[in-house]
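*Asks:* Protein chains in written order, with our numbering: chain X, 1 to 242; chain D, 1 to 957.
Because the hints were derived from the structure by calculation, they are not lab data.
This structure is a prediction, so every number in the text was calculated from the model and none was measured.
Do not rely on the hints blindly, as some may be mistaken.
To be verified - Computed list of lysine-lysine pairs in BS3-like fashion (alpha-carbon distance at most 25 Å, straight line): (1) K202/X <-> K197/D; (2) K16/D <-> K60/X; (3) K918/D <-> K151/X; (4) K819/D <-> K206/X; (5) K60/X <-> K151/X; (6) K226/D <-> K151/X; (7) K51/D <-> K60/X; (8) K197/D <-> K161/X; (9) K945/D <-> K43/X; (10) K206/X <-> K175/D; (11) K819/D <-> K60/X; (12) K364/D <-> K161/X; (13) K175/D <-> K204/X; (14) K106/D <-> K60/X; (15) K383/D <-> K110/X; (16) K921/D <-> K202/X; (17) K364/D <-> K343/D; (18) K175/D <-> K183/X; (19) K60/X <-> K298/D; (20) K298/D <-> K380/D; (21) K106/D <-> K547/D; (22) K845/D <-> K43/X; (23) K298/D <-> K183/X; (24) K841/D <-> K151/X; (25) K206/X <-> K197/D; (26) K819/D <-> K918/D; (27) K921/D <-> K151/X; (28) K872/D <-> K43/X; (29) K151/X <-> K945/D; (30) K161/X <-> K51/D; (31) K43/X <-> K226/D.
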Amino acid sequence: MTQMALVIDLNKCVGCHACATNCKSWNTGGQFGPLTDTNPYGKEPLGVWFNRVQTYEVGKFPHTDVVYFPKSCMHCKNPPCVEVCPTAASYKRTEDGVVLVNYDDCIGCKYCSWACPYGCREFDTFDGVMKKCTLCADRIYNENLPPDERKPACVLACPAKARAFGDIDDPASEAARWIAEEKGFKALPEAGTDPANHYLPKRKAKVMLDRDMLTQHAQRPVDMERKSASAGDVVSEDVAQT
Amino acid sequence: MTEKDGHKLQPGEDIKYTTCYMCACRCGIKITLQDGRIRYIQGNPDHPTNKGVICAKGSSGVMKQFSPARITKPLLRKKGAERGQAQFDEISWDTAMDILTTRLHKIRSEDPKKLALFTGRDQMQALTSTFAKQFGTPNFAAHGGFCSVNMATGMIYSIGGSVWEFGGADFDRTKYMFLFGVAEDHDSNPLKIGISKIKERGGKLVVINPVRSGYGAVADDWMPVKPGTDGALILAMAHVLLKHGLYDHDFLVSHTNAAYLIEADKGGLNEGLPYLLEEREMHQTQNTIWDTVSNSVKEAHQDSTKPALFGTYKGKDGKTLVPAFQLLYDRVMAEYSPAQAEKICGVPAEQIETVALEAGIMAKNETITLPIEWTDVWGKTHKTVTGKPVSVHAMRGLAAHSNGFQTVRALSVFMMLLGIIDRPGGFRYKAPFPKPIPPCPKPINSPDLIKPNTPLPNPELGFPSNPDHLMVDAQGNPVRIDKAFSWEFPLTAHGMMQNVITNAHNKDPYAIDTLILFMANMSWNSTMNTGGVMQMLTAKDPDGEHKIPFIVVSDAFFSEQVAYADLVLPDTTYLERYDVISLLDRPISDYDHPADAIRHPILEPKGDCRPFQQTLIDLANALGLQGFCDDNGKPQFKTYKEFITGWESAPGSGVGFLAGWRGKDGSKQMTGEPNPDQWEAYIKNKSFFEYELDESIRYNRTINQGYLNWAQKSKLIRLNDPIVMHFYSEVLQRFRLAAQGQTKGRQPATQAQRQRIIKYFDPLPFWYEPIEQTQVDAKVYPFFAITQRPMVMYHSWDSQNAWLRQILGQNYLHMNPEKGADLGIADMDWVWVESPTAKIKVQVKFSEAVQPDTVWTWNGIGKMSGAWNLDKDAAEARKGFLLNHCITEEIGDEYGNRKVSNSDPISGQAAWYDLRVKITKADEPGHWPQFQSLDRLPHMEEPRKVLRYEFIRGNGK
Chain X
1 MTQMALVIDL
11 NKCVGCHACA
21 TNCKSWNTGG
31 QFGPLTDTNP
41 YGKEPLGVWF
51 NRVQTYEVGK
61 FPHTDVVYFP
71 KSCMHCKNPP
81 CVEVCPTAAS
91 YKRTEDGVVL
101 VNYDDCIGCK
111 YCSWACPYGC
121 REFDTFDGVM
131 KKCTLCADRI
141 YNENLPPDER
151 KPACVLACPA
161 KARAFGDIDD
171 PASEAARWIA
181 EEKGFKALPE
191 AGTDPANHYL
201 PKRKAKVMLD
211 RDMLTQHAQR
221 PVDMERKSAS
231 AGDVVSEDVA
241 QT
Chain D
1 MTEKDGHKLQ
11 PGEDIKYTTC
21 YMCACRCGIK
31 ITLQDGRIRY
41 IQGNPDHPTN
51 KGVICAKGSS
61 GVMKQFSPAR
71 ITKPLLRKKG
81 AERGQAQFDE
91 ISWDTAMDIL
101 TTRLHKIRSE
111 DPKKLALFTG
121 RDQMQALTST
131 FAKQFGTPNF
141 AAHGGFCSVN
151 MATGMIYSIG
161 GSVWEFGGAD
171 FDRTKYMFLF
181 GVAEDHDSNP
191 LKIGISKIKE
201 RGGKLVVINP
211 VRSGYGAVAD
221 DWMPVKPGTD
231 GALILAMAHV
241 LLKHGLYDHD
251 FLVSHTNAAY
261 LIEADKGGLN
271 EGLPYLLEER
281 EMHQTQNTIW
291 DTVSNSVKEA
301 HQDSTKPALF
311 GTYKGKDGKT
321 LVPAFQLLYD
331 RVMAEYSPAQ
341 AEKICGVPAE
351 QIETVALEAG
361 IMAKNETITL
371 PIEWTDVWGK
381 THKTVTGKPV
391 SVHAMRGLAA
401 HSNGFQTVRA
411 LSVFMMLLGI
421 IDRPGGFRYK
431 APFPKPIPPC
441 PKPINSPDLI
451 KPNTPLPNPE
461 LGFPSNPDHL
471 MVDAQGNPVR
481 IDKAFSWEFP
491 LTAHGMMQNV
501 ITNAHNKDPY
511 AIDTLILFMA
521 NMSWNSTMNT
531 GGVMQMLTAK
541 DPDGEHKIPF
551 IVVSDAFFSE
561 QVAYADLVLP
571 DTTYLERYDV
581 ISLLDRPISD
591 YDHPADAIRH
601 PILEPKGDCR
611 PFQQTLIDLA
621 NALGLQGFCD
631 DNGKPQFKTY
641 KEFITGWESA
651 PGSGVGFLAG
661 WRGKDGSKQM
671 TGEPNPDQWE
681 AYIKNKSFFE
691 YELDESIRYN
701 RTINQGYLNW
711 AQKSKLIRLN
721 DPIVMHFYSE
731 VLQRFRLAAQ
741 GQTKGRQPAT
751 QAQRQRIIKY
761 FDPLPFWYEP
771 IEQTQVDAKV
781 YPFFAITQRP
791 MVMYHSWDSQ
801 NAWLRQILGQ
811 NYLHMNPEKG
821 ADLGIADMDW
831 VWVESPTAKI
841 KVQVKFSEAV
851 QPDTVWTWNG
861 IGKMSGAWNL
871 DKDAAEARKG
881 FLLNHCITEE
891 IGDEYGNRKV
901 SNSDPISGQA
911 AWYDLRVKIT
921 KADEPGHWPQ
931 FQSLDRLPHM
941 EEPRKVLRYE
951 FIRGNGK
């Protein structure tokens, strides 16, 4: 099987929202657009976004962690949105596992948005249909684009290089390797949706220094350093001449 | 079907490359156009700055272009309408230029300093400063004074370079990085790319900031410092390095003045100055060291000597001589232990100690060696370049305090101790830096040099080395309207834009006639005491004339400042005009490549919009300014486009705004004759130029003879002398001596000025409590209050952006939940935030990611109702707020009974973050203060209720 997906590294994401707006810029004019904004300059602007970034604080000061969690359709292997769709407008593409909505068949009943445990469905009130991330289905196979750019817009834009895209069922893909090497996890596994998108956890710096070495240095004040240094180092200069 | 850069272009499709301007990062962008309209904006994969990636702002450029807040007609304040009401008549450009030219002509022929030209974030200071200089007014500056000038000057006066476009971390090799006071920076994409590389190799990021957000989210260590105390924290880390011998002896001796002997005897003209055997200029290296081989004073930088860092010595003439290093050692060991620092900055001593040890040990143990041969300025050839994988970056959190200059000095000294400057893995310069310390240009220094109809002989701005370079009159009074380069604020290299309106209103030091503001929101989020400043803009003398008689604003959008203009000149967007991002200004160089870039029109200007660059050229031509016009006053350049390719810094200099494709046939790089086809060459190369430095001249550039020779030949620097870093600041000591009366040169006029300089102009870095805080009772005002810059918005100008305002349309006051509970405040309550200056009512959001004595909010979100053509009840206007109201623009002079600017007493940096407030629960919800709503200007379009791609495409309803 082929299952295209995004792998997002929470250890690199700084919550800049480049993925969200670049997605908007590409997709509003793309095959699955527009991403309508209503009341864009008013009191309560409301727009369709295929990609949103959530912010979480974890723990109490000073042991506070801040996590940015970019979220878009997970392209589940077992997608509840497809199951509940009364018109089969929502479907999972067999050739690459991408979950899509056929706008012509969508009646805007919103069953799918109730069914999606991730809240990743976006109702376009102007068109009266449900929209969502397509993994940039109009980019990834698009032969009019240079091969390097046949990627979702969010992956192309991400300044922190926190996103990998590829077939997670192909162990050789970058996406699969990220998951394997850094213990990639799925969001809400208990929902039984088997999401294709994965996240990489935060992880400790690898260059943390040996505690013994720190202690050793901490017990070795500068005078000893000078005495133990060889000629020509800081030893000879420290004799006061007054 | 045509092919372009790998794209198979469809009918009506095209690809163009230019430079982004959604912030000051200056990334390359690649724009897909469909039938001449924007289809998609992405990063330019070939661009040195962003290498193909793009941020949230850059991706939303199309929504800036389609903002309904665009001003598209020149406007003149209606007769009878008051400033602030935004009631204008639409006029033609001819009329607008007539009004302005007539006014400026009169000013220039009578008293040129009555014109004040101040610009916001413009990236074209080389042009604007030239215009002001040729006009003959010293009253010019850009926004640096209220931005982060302490980062610039604190480092430039110490190491001859700074962060952002002047230098940064060697992300390809660094493993341990300190990030001080950065929420978002205009090094936005490079920082994100770089931090990602550190994480990739398992490196460690230490974030020092009262708030944990953005980059802090991926920090391996967060040091929640109290605002304004970073200096103590940094000096405590220096203490740990010194205590454990983790400083780089060889680097200090070869690259810095740490080993130079300082005259330690009290009194006399030389107290605290380097001990010299012969006269020398400050930038020259004929200094002295104590040689431990011969036990005698020797000239510095001699191969046969071994300079002492420690000790106290006697010269043959009986003078007491101490190496600068020993002076710092004594201070830091006595006053800045981690335990002492903890009491000031709130960060646990153990954490300070651990982090400093980690960095110090890594710097000592993990040497990076590159097989690159290079020759130093003393003629010695080295087989390799070595470095350490430890680096730093810092921004406004250090800068925006009245102790920021000395804090940045402390950071510079910390970097020198580690030996991580311009070496692999550490901090590295970007061309045109490094520069001599301080750089050569000196500001005009006497009112006698301001003459009717005459250009200034020197630039308005520069880098004083001693008090003779101050712009003061014979009585010691300031001569500039912003009081930059005065005894109160001597090293104000970027001017003090934050003072202009207050001083002009107070006619202190004198009244001006015309204030031209370009792209600066000085009546709103770029000023302190916003409510007060709005009143100053409308204030009148008894004769009915405004205290600031004529205000000209050039902006592309309907900002709050536009409402206070008499004349409005509609500017273009970054997609509609020619621009240069020049090596004469703030270029796009990276560590190995001096580089510059351009913008060129992707779209036609909207309505009657005209680039401000073109307006300046037209004004210069109409006024017959030299340099723009020939000796007979005949214009040499009709357009900005011609000006850029034709102008040279001096006749025949070969130095122009753009360094690429110079020479008549475009074959020369860096310098060369003007090339009329230069723009086309840039456009063909995706709108940028980069020069590749030979490997041998990429490191140790302050003492790398090959580099210095190349940079001098390329006219990036005037001198090819070695640049020895100021571990000990001779400049500050020269000012201090003047204040102590120990000089033959200029001295301060008043006792207050003397005491101020004696206190702050310490040649060694130290921490002092921010000045405003010494005047505010911490028991009454217990919280520090600061702002942070969000990653999705750059200052105020993005609230009009239909996409970005959906991400951030309302700001809250973030505070620690326990502190809130103590005050009876619940999450999402409305509270009063009160300083001695003003109070505001805002909504609270609890957060565990903030130092508990600190409250904070996002910068620049709050709007005046109706401004930016948002609905009058937009969240930005009804719930969003400015902390600026609470910040005072003037504080008491500690040593006199007058007011001085609330700024750093050395650099003039606006002390935004020195604010203290008290917080009380409000009885009623609702935002305060509210101002009168602005009505939409008649020529502006009604904002769309529905926004869809059809509209962007041009076929929407």
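*Asks:* Could you run down the list of hints and mark each one as holding or not?
*Replies:* Cross-check of the supplied hints:
1. Annotation: proposed proximity of K202/X to K197/D holds, straight-line Cα distance about 15 Å (limit 25 Å).
2. Annotation: proposed proximity of K16/D to K60/X is violated, straight-line Cα distance about 49 Å (limit 25 Å).
3. Proposed proximity of K918/D and K151/X is contradicted: the alpha carbons are some 51 Å apart, above 25 Å.
4. Restraint check for K819/D and K206/X: the C-alpha separation of about 36 Å exceeds 25 Å, so the hint is violated.
5. Distance check on the hinted pair: K60/X and K151/X sit about 39 Å apart at the alpha-carbon level, beyond 25 Å; violated.
6. In summary, the hint linking K226/D to K151/X is not supported, as the alpha carbons are separated by about 43 Å, beyond the 25 Å threshold.
7. Restraint check for K51/D and K60/X: the C-alpha separation of about 38 Å exceeds 25 Å, so the hint is violated.
8. Between K197/D and K161/X, the direct Cα distance comes to roughly 9 Å. Compliance with the 25 Å bound is thereby established for this hinted pair.
9. Between K945/D and K43/X the alpha-carbon distance is near 11 Å, which keeps this suggested pair within the 25 Å criterion.
10. Distance check on the hinted pair: K206/X and K175/D sit about 10 Å apart at the alpha-carbon level, within 25 Å; holds.
11. The suggested pairing of K819/D with K60/X holds, with an alpha-carbon distance near 13 Å, which does not exceed 25 Å.
12. Using a Cα cut-off of 25 Å, the hinted pair K364/D and K161/X is violated, with the two alpha carbons roughly 31 Å apart.
13. About 13 Å separates the Cα atoms of K175/D and K204/X, which keeps this hinted pair within 25 Å; it holds.
14. At roughly 64 Å between alpha-carbon atoms, K106/D and K60/X are farther apart than 25 Å, so this suggested pair is violated.
15. A threshold of 25 Å between alpha carbons decides the hint, and for K383/D with K110/X the separation of about 70 Å lies outside it, so the pair is violated.
16. Between the alpha carbons of K921/D and K202/X the distance comes to roughly 37 Å, so the proposed pair goes past 25 Å and is violated.
17. Proximity of K364/D to K343/D is assessed by CA-CA distance (about 29 Å); at most 25 Å being required, the pair is judged violated.
18. Restraint check for K175/D and K183/X: the C-alpha separation of about 23 Å stays at or below 25 Å, so the hint holds.
19. The hinted pair formed by K60/X and K298/D fails the criterion: a straight-line CA distance of about 58 Å is larger than 25 Å.
20. Of the supplied pair hints, the one linking K298/D and K380/D holds, its CA atoms being roughly 19 Å apart against a limit of 25 Å.
21. Between K106/D and K547/D the CA atoms are separated by roughly 18 Å; this keeps the pair inside 25 Å, and the hint holds.
22. For the suggested pair K845/D and K43/X, the alpha carbons sit about 20 Å apart, so the restraint of at most 25 Å is met.
23. About 61 Å separates the Cα atoms of K298/D and K183/X, which puts this hinted pair outside 25 Å; it is violated.
24. With a C-alpha separation of about 46 Å, the suggested pair K841/D and K151/X falls outside the 25 Å cut-off, and the hint is violated.
25. Restraint check: the Cα-Cα separation between K206/X and K197/D comes to about 13 Å, which is no more than 25 Å; the hinted pair holds.
26. Distance check on the hinted pair: K819/D and K918/D sit about 12 Å apart at the alpha-carbon level, within 25 Å; holds.
27. For the given pair, K921/D sits about 50 Å from K151/X by alpha-carbon distance, which is inconsistent with the 25 Å threshold.
28. For the suggested pair K872/D and K43/X, the alpha carbons sit about 8 Å apart, so the restraint of at most 25 Å is met.
29. Restraint check for K151/X and K945/D: not satisfied, since their Cα atoms lie roughly 32 Å apart, outside the 25 Å limit.
30. Note on K161/X and K51/D: the hinted pairing holds, with a Cα-Cα distance of about 11 Å set against a maximum of 25 Å.
31. Restraint check for K43/X and K226/D: the C-alpha separation of about 36 Å exceeds 25 Å, so the hint is violated.
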